[in-house]
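Chain by chain, the residues:
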Amino acid sequence: MKLAVVSAGLSQPSSTRLLADRLAAATVRAEEMDVETIDLRGHAHHLVDAMLSGFASQDLKPVLDSVAEADGLIAVTPTYASSYSGLFKSFVDVLDEEAVAGKPVLIGATGGTARHSLVLDYALRPLFTYLKAIVVPTGVYVASEDWAGTTLAARIDRAGAELAREMAGREKTVAADPFTDPVSFEDLLGGR
Amino acid sequence: MQFGIFGVGDIAVDPWTGRSPSEHERIRNMVEVAVKAEEIGMDVVAVGEHHNRPFVTSSPTTILGYIAARTSRIILSTSVTLITTNDPVKIAEDFATLQHLADGRVDLMLGRGNTGPVYPWFGKDIRDGIALAVENYALLHRLWREDVVDWEGKHRTPLQSFTATPRPLDGVPPFVWHGSIRSPEIAVQAGYYGDGFFHNNIFWPKEHTKRMIDLYRGQFERYGHGPAGQAIVGLGGQTFMRRESQDAIEEFRPYFDNSPVYGGGPSLEQTMRETPLSVGSPQEVIDRTLRFREDFGDYQRQLFNVDGMGLPHKVVLEQLDIMGEEVLPVLRREFASMRPLAPTHESRKS
Chain A
1 MKLAVVSAGL
11 SQPSSTRLLA
21 DRLAAATVRA
31 EEMDVETIDL
41 RGHAHHLVDA
51 MLSGFASQDL
61 KPVLDSVAEA
71 DGLIAVTPTY
81 ASSYSGLFKS
91 FVDVLDEEAV
101 AGKPVLIGAT
111 GGTARHSLVL
121 DYALRPLFTY
131 LKAIVVPTGV
141 YVASEDWAGT
151 TLAARIDRAG
161 AELAREMAGR
171 EKTVAADPFT
181 DPVSFEDLLG
191 GR
Chain B
1 MQFGIFGVGD
11 IAVDPWTGRS
21 PSEHERIRNM
31 VEVAVKAEEI
41 GMDVVAVGEH
51 HNRPFVTSSP
61 TTILGYIAAR
71 TSRIILSTSV
81 TLITTNDPVK
91 IAEDFATLQH
101 LADGRVDLML
111 GRGNTGPVYP
121 WFGKDIRDGI
131 ALAVENYALL
141 HRLWREDVVD
151 WEGKHRTPLQ
161 SFTATPRPLD
171 GVPPFVWHGS
181 IRSPEIAVQA
191 GYYGDGFFHN
201 NIFWPKEHTK
211 RMIDLYRGQF
221 ERYGHGPAGQ
231 AIVGLGGQTF
241 MRRESQDAIE
251 EFRPYFDNSP
261 VYGGGPSLEQ
271 TMRETPLSVG
281 SPQEVIDRTL
291 RFREDFGDYQ
301 RQLFNVDGMG
311 LPHKVVLEQL
321 DIMGEEVLPV
331 LRREFASMRP
341 LAPTHESRKS
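These protein sequence lines map, in sequence, to chains A and B.
For the first sequence, position 49 matches number 49 in full-length UniProt numbering, and the numbering has no gaps at all.
For the second sequence, position 332 matches number 332 in full-length UniProt numbering, and the numbering has no gaps at all.
No wet-lab data here; the hints were simulated from the structure.
The reader is advised that the hints may include incorrect statements.
Stated by the list, open to error - In silico PhoX-like links for lysine-lysine, alpha-carbon gap of 20 Å or less:
(1) A:Lys2 with A:Lys61
(2) A:Lys132 with A:Lys89
(3) A:Lys61 with B:Lys349
(4) A:Lys172 with A:Lys132
(5) B:Lys206 with A:Lys61
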């Protein structure tokens with residue numbers, strides 16, 4: 001199995017990336033799989049280029065493909081202005097519409113205060129529901145104080161185990177390709 | 001192999017002078033560019049259709065009719081004619097009329113158009129875009145081939161015992177190219193009818209263009225029109241040339257940077273790496289164009305965009321001079337072995 005991990009953290013080192021790594025490790029502990037981690041910072045310019053040109057450059061294409069081809073996805077963003085960051089949303093906007101449909105997804109977010117903890121359920125969860133992903137029940141929000149707390153590890157383990165279980169129990173869904181499996185023109189003529 | 005020019009009649013500011021042409025100037029200049037294209041030995045001139053600013057080409061058959069009177073050899077075509085928002089009855093009649101005026105040197109490219117607000121101006125809805133392209137063309141196809149048509153569909157009033165007049169010249173319907181940038185349904189449509197397929201590959205990487213063309217070729221074969229290699233493919237291209245490569249880049253860069261399509265995005269250099277845009281010496285443009293054959297196989301029509309983005313009329317005419325003197329002779333020689341040839345009125349008459 002293949003797990004794609006997307007982190008929208010901007011600083012170096014990044015607490016968002018740290019959360020993404022810990023979630024990935026917890027998932028791998030529950031079920032053996034290959035992990036590919038994508039730091040969006042390195043693709044920020046390519047993402048804007050893709051929005052303006054209408055296609056993903058040769059640098060960006062493999063990144064989008066690795067998400068589309070994965071069996072599961074961990075998506076982690078910092079909280080900006082009470083939502084996912086613009087860079088995170090730009091990445092989602094550039095993904096193929098069907099790229100995560102039917103795919104198990106674990107959502108995570110970091111923030112400066114616990115008052116933003118509902119960003120997961122008010123911003124990330126509806127976004128991935130719209131994309132027809134299978135969002136696992138436990139999402140992990142980490143405020144500054146949580147890094148010093150004692151409960152974070154248990155929440156991460158629980159989320160990772162849920163994702164691993166969902167990935168193991170699910171046939172990989174592959175989006176239909178209109179080029180290799182085109183519509184029948186008789187159907188189009190018949191208004192179907 | 002046919003070579004030609006295509007454009008959409010955009011009005012844009014020339015970043016070097018801050019000046020933009022009036023609608024009157026732009027329309028008159030398009031005619032002069034077409035006349036010049038014939039002079040330098042081009043085979044095709046194609047005019048786009050747009051109904052919103054900054055474009056002036058809302059009535060391509062009017063412009064083409066005038067060009068027909070000023071030329072004698074060049075094929076008059078479109079890039080594109082909107083099959084979604086135009087009544088197919090009117091398309092059938094307009095292009096048959098043009099055939100008679102131009103003694104048959106007429107074909108057309110059909111496309112859907114992609115701007116939502118335009119559809120309701122013609123009583124249509126962009127959500128029906130594919131359905132309109134399918135139904136309207138099915139009717140258009142019959143109107144040119146059957147003298148009396150009874151017809152009923154979803155998107156216009158039924159027809160009873162209707163005859164589109166005038167009938168196509170010599171009983172030969174204008175050859176149709178279906179143009180689509182990214183709708184696989186349209187590549188399937190072109191293959192179903194055994195018509196031509198034009199991919200306007202400017203702005204797009206070759207992987208995407210290849211997928212569209214391969215789909216069309218496969219459908220052409222699937223629907224019994226012959227082997228995939230016999231399908232009729234057209235491609236776009238965009239060029240700007242000066243004798244020295246660096247001069248071309250320097251002169252063109254402000255047009256690129258101010259373009260509503262290119263501006264603000266990937267750099268000119270990156271765009272040239274990833275799309276067909278070719279700015280440089282004549283030899284560089286030749287080399288870039290020759291690569292199309294390697295990427296997509298033998299093809300039948302190559303159209304260049306040379307007059308957009310605010311380039312002044314004088315510069316456009318210079319570009320065509322360079323094209324005629326240095327580029328076309330080489331491309332004709334290098335592409336001479338490509339088969340099949342594009343259909344013409346004469347070839348389809350016999």
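Going through the hints against the structure:
For the hint pairing lysine 2 (chain A) with lysine 61 (chain A), the CA-to-CA distance comes to about 18 Å; that is within 20 Å, so the pair holds. Distance restraint check for lysine 132 (chain A) and lysine 89 (chain A): the Cα-Cα separation of roughly 16 Å lies within the 20 Å cut-off, and the hinted pair is therefore satisfied. Taking the CA atoms of lysine 61 (chain A) and lysine 349 (chain B), the gap is near 47 Å; set against the 20 Å cutoff, the hint is violated. A threshold of 20 Å between alpha carbons decides the hint, and for lysine 172 (chain A) with lysine 132 (chain A) the separation of about 14 Å falls inside it, so the pair holds.
Proposed proximity of lysine 206 (chain B) and lysine 61 (chain A) is supported: the alpha carbons are some 13 Å apart, at most 20 Å.
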